[in-house]
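Just so you know, the sequences run in chain order A and B. Residue 200 in this note's numbering sits at position 140 of the first sequence, with consecutive numbering throughout. Residue 239 in this note's numbering sits at position 179 of the second sequence, with consecutive numbering throughout.
Each hint should be verified, as a subset may be incorrect.
Stated by the list, open to error - Sample of chain B residues lacking proximity to chain A, with all beta carbon distances greater than 12 Å (derived):
1) I78
2) D193
3) T200
4) W205
5) Q312
6) S344
Claimed, not checked - Label-pair ranges, simulated between beta-carbon atoms:
7) B:E450 - A:G194: 34 to 40 Å
8) A:Y106 - B:E450: 45 to 51 Å
9) A:E455 - B:G237: 30 to 36 Å
10) A:D231 - B:G445: 33 to 39 Å
11) A:Y106 - B:G445: 47 to 53 Å
12) A:E455 - B:G445: 32 to 38 Å
13) A:E210 - B:S458: 33 to 39 Å
14) B:E135 - A:E455: 39 to 45 Å
Stated by the list, open to error - Reference excerpt, derived from the structure (chain B facing chain A, CB under 8 Å, subset only):
15) D268
16) M337
17) G364
18) T408
19) Y484
Hint data in this document are derived by calculation from the structure and do not stem from the laboratory. Yeah, the Cβ is synthetic: ideal placement off N, Cα and C, and Gly gets one too.
Number of protein chains: 2
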Amino acid sequence: MTIVTDAKNGKITEEMKIVAKEEGKDPEFIRRGIAAGRIVIPMTPYRDIRICGIGEGLRTKVNASIGASSDIVDEEMEVKKAKAAEAAGADTLMELGTGGDFLGIRKKVCDAISLPVGSVPLYQAFITAAKRDGSIVHMTEDDLWHATEEQAKLGTNFMAIHTGINNIVLDRLKAHGRFGGLCSRGGAFMSTWMLHNQKENPLFADFDYLCEILKEHEVTLSTGNGMRAGAIHDATDRAQIQELIINSECAQKAHDKYDLQVIVEGPGHVPLDEVEMNVKLMKSMSGGKPFYMLGPLVSDIGAGRDHIVTAIGAATSAAAGCDFLCYVTPAEHLALPNLEDVVEGVKTSRIAAHVGDMVKNKESRNWDLAMGRARRDLDWEKMFGLCLDEELAREIRSSRAPEDEDACTMCGDFCALKIVNKSYNLAK
Amino acid sequence: MTIVTDAKNGKITEEMKIVAKEEGKDPEFIRRGIAAGRIVIPMTPYRDIRICGIGEGLRTKVNASIGASSDIVDEEMEVKKAKAAEAAGADTLMELGTGGDFLGIRKKVCDAISLPVGSVPLYQAFITAAKRDGSIVHMTEDDLWHATEEQAKLGTNFMAIHTGINNIVLDRLKAHGRFGGLCSRGGAFMSTWMLHNQKENPLFADFDYLCEILKEHEVTLSTGNGMRAGAIHDATDRAQIQELIINSECAQKAHDKYDLQVIVEGPGHVPLDEVEMNVKLMKSMSGGKPFYMLGPLVSDIGAGRDHIVTAIGAATSAAAGCDFLCYVTPAEHLALPNLEDVVEGVKTSRIAAHVGDMVKNKESRNWDLAMGRARRDLDWEKMFGLCLDEELAREIRSSRAPEDEDACTMCGDFCALKIVNKSYNLAK
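This is chain A alone, in the form it adopts within the complex (with noise of 0.2 Å):
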């Protein structure tokens, strides 16, 4: 028994309730989502959390992913900025450490937010054995389901799992080859497992195995993009779109068999006009699964800001129907993010999700019209309170100094508004 159980059998449970509300539709909308595979709420029977849907008719939602790989790690500064991601807006957290005592650290997470949290449990296989056997290579079978186990019972809610990095994509990726090589780490880490073994993939060859775990502790699968591009030149090639396949086919009978609510990854890199069809191949594939884009990143010469290449690329893929967008901080490609990049990362993403949601969804529109009323009337108490970052607006206003109390930029004793305001009456 699952929430999908539930939604298939008609059952409107308290979680859909919630969601219904949160969002302004109809529960029986959300049921129907939930049962037919359009929607997901992320449950674990471990953890109380704030309650969070993702999928079609839904606001866009927002990830931030922490984590440090380091064996040197600061264990409360992860705690902070989990803390941080929340207080900054984001829907869930992605907590990918696998440093120091990384399950001891999750633990403290979960424990210090009340969102949702995801992780990679393959992470905790292959560096388990690395540590035990001396190479990734010797990962194991059990390494992984306990893995998996292990993680479900900290509380996790949703898991990215590389199901689809099977034998037939391996041979699109060998044939193909890649111009920036592989940059997912389940994807690098399985697919050298892969090779040097010369087996299958265990999350793809014993998937019925890999669902009935996730089953029992009531895991939302969401489908790792191990073959997503990590250049603009390697986007929507054949090995991602082989992936893409394979995954969507676990999706179908994750949720149709065993009642699993399922999130499917999207890449990576991806060129501004490749984005929308990536949505829309992707949703056609899948059958309609929420669809989970980690960035796109819709070019490669940003480094230092690509939370903006990104926020480029996921409000376009927002607009095109996409559910869920993982953030990037400026600090990707170059280091791991701190505290100042949760939070600029997370901010950012809320943008894109809003211009997103702007097209998915006109009343999303309401917002802006209150806004545009607030500076038509030079309200600035009510235009800080209608930001979405009020803290920065505030604090810009106060320290660039503006040329006068009510004028909104450039304009100062002859700010448009205020003649227009007073020449003639256009307000609506």
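Start from chain A and add chain B according to the hints.
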């Protein structure tokens, strides 16, 4: 005789050759573009500048606007901002100051940089009248012509001139109303003047005389977008499109009859799903004139990060065929931009311009390809050299203390690229 006359006569000038070389085009391509009005090279006989082509088939260009309105102006800071904009990669600079000795400041700015400079002469005309006679409504036609000539002689390369706000447009504006009013200072000044004096806009009524002045001083006409929306809900309304029609007629006359170079200005605040349409509409109305987009801002709620809101719109706009982007800084809607805001605005617009160019001209992606390969090879010096903002990228990498000398970001010891590079050869 202007460069358009030369182009129409089949003559390839020195400026055309420079632009051709910079853009990797045949000089004949540039000549034909100028003859047909699809390309401009903003000129001035009064000042040596870096030659810059704007229009169809060329790289997307970025303008930075500076200028204070208050009479307490920090002249040195204005010059610093202009130099910073040039250093950050702006292609042109608009100096919009109306405070203090604004002509003196403009002269200093023009002397300090080699960029083509733009201005809005009607500000001077209206503010002269306000200071002289107590109100902008007392502006005379001669104030307009005088300001235009005086600013042309300072070495101004292009001027935003609000030719399109005529009585037909104001009727549309009054009938339609506005949620957010008017945000264009020129639009507010001129429409107020017209309503008060019950007279037609002299820039429209005496358009031929205006063209003669511009021709004498070889100024490029940028038809101003006084009716642009300052709020998402006013985007693409009847007043804006009516003004575009009138501006397009003026643009055609200026080019066909007076051999002027002409740019057409566009909005403003535009929701993401109307950006491409606005570009295509403008190109269709104007017969393919270079399109200069002010933003566009795709949401109203992002104050403090409106450079990011704009990057989303500007990239989409450039991809759809927009030729020239006016930057927006983090201070937009809040205060005058400081030095850091100017740099951030330019760098962000450069990202948007490149993302658009990647769609307009696939060869632009070679830059991304080089970066993709440098990343695959973990060649950090090459990566830094390829960054749009090398300084920022180096600063982030050194200040955020990466976990591993080779590794790029989150993976540390378990860097995906390192693992895959060792495992098998995918490189192409």
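Exercise. Could one say that the CB atoms of B:E450 and A:G194 fall in the range 34 to 40 Å?
Worked result: holds (39 Å)
For this session: May I ask you to test the interface hint for B:M337 with respect to chain A, counting a Cβ-Cβ separation under 8 Å as satisfied?
Result: violated (13 Å)
Exercise. B:D193 clear of chain A by more than 12 Å, beta carbon to beta carbon?
Worked result: holds (15 Å)
For this session: Test the statement that B:I78 is away from the interface with chain A: the closest C-beta pair must be farther apart than 12 Å.
Result: Check passes; 25 Å lies beyond 12 Å.
For this session: With 12 Å as the threshold, tell me whether B:S344 passes as away from chain A on beta-carbon distances.
Result: Holds: least Cβ distance 21 Å, greater than 12 Å.
Exercise. Has the hinted range 30 to 36 Å been met by the Cβ atoms of A:E455 and B:G237?
Worked result: Between A:E455 and B:G237, where Cβ atoms are some 34 Å apart, the hint holds.
Exercise. Does the Cβ pair A:Y106, B:G445 satisfy 47 to 53 Å?
Worked result: holds (49 Å)
For this session: Note whether the CB distance of A:D231 and B:G445 lies within 33 to 39 Å or breaks it.
Result: holds (36 Å)
Exercise. Is B:Q312 truly not at the interface, in the sense that its beta carbon sits beyond 12 Å from all beta carbons of chain A?
Worked result: holds (28 Å)
Exercise. For B:T200, which was marked as not at the interface, is the minimum beta-carbon distance to chain A over 12 Å?
Worked result: Per Cβ check, B:T200 is outside 12 Å of chain A; nearest 18 Å; holds.
For this session: Confirm or reject the statement that B:W205 sits farther than 12 Å, beta carbon to beta carbon, from all of chain A.
Result: B:W205 is indeed farther than 12 Å from all Cβ atoms of chain A, at 20 Å.
For this session: Let me know if the C-beta of B:G364 comes in closer than 8 Å to any C-beta of chain A, holds or violated.
Result: Holds. Min distance 4 Å.
Comparing the model with each numbered hint stated earlier shows that hints 14, 15, 16 do not hold.
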